[in-house]
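Position 40 (the sequence shown) corresponds to 40 in the UniProt record's numbering; numbering is contiguous.
Just so you know, these hints were derived from the structure itself, not from any lab.
As the structure is a computational prediction, the values presented were derived from the model and not from experiment.
Where is the CB? At the ideal position from N, CA and C, for every residue including glycine.
Accuracy of the hints is not assured; some may be wrong.
[What the hints assert, rightly or not] Okay, the calculated beta carbon distance ranges per label pair:
1) Ser-32 / Lys-6: 30 to 36 Å
2) Ser-99 / Ser-8: 29 to 35 Å
3) Ile-74 / His-29: 15 to 21 Å
4) Arg-70 / Phe-95: 32 to 38 Å
5) Ile-28 / Gly-79: 21 to 27 Å
6) Glu-13 / Ser-99: 42 to 48 Å
7) Tyr-3 / Leu-101: 41 to 47 Å
8) Ser-76 / Gln-4: 28 to 34 Å
9) Tyr-3 / Ile-92: 16 to 22 Å
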Amino acid sequence: MDYQLKNSNSDGEKLKIILEYHIKFERIHPFSDGNGRTGRLIMLALMLENNLTPFVITVENKAKYMDILRNQDIESFVGLVEPLMEEEKKRIIAFKKLSNLQI
Numbered sequence: 001m002d003y004q005l006k007n008s009n010s011d012g013e014k015l016k017i018i019l020e021y022h023i024k025f026e027r028i029h030p031f032s033d034g035n036g037r038t039g040r041l042i043m044l045a046l047m048l049e050n051n052l053t054p055f056v057i058t059v060e061n062k063a064k065y066m067d068i069l070r071n072q073d074i075e076s077f078v079g080l081v082e083p084l085m086e087e088e089k090k091r092i093i094a095f096k097k098l099s100n101l102q103i
């Protein structure tokens with residue numbers, strides 16, 4: 001995966017690689033408990049390490065997320081995640097603006 005990420009040509013390509021590996025990790029289910037949390041934490045770390053906006057799988061998106069994992073549907077995963085990344089970008093920008101205010 002490191003090789004693929006280092007040699008990727010775009011953020012979109014990096015995102016797809018990270019999401020594909022997340023699906024693979026969740027499919028092997030390596031631990032008796034905590035696989036989902038661990039997998040999402042690894043995915044978050046990879047997003048940050050590769051300068052991609054992190055995202056949160058909300059309760060509203062959980063069923064779709066689980067369906068995507070079950071079907072190993074990378075294109076739907078990208079489609080789910082991209083708007084979530086945009087939401088987080090807006091939230092980060094708003095937070096930065098607030099933190100710059102003199103209170």
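Exercise for the section: Determine which of the earlier numbered hints do not hold for this structure and return their numbers in increasing order. Expected result: Of the numbered hints, 6, 8 and 9 do not hold.
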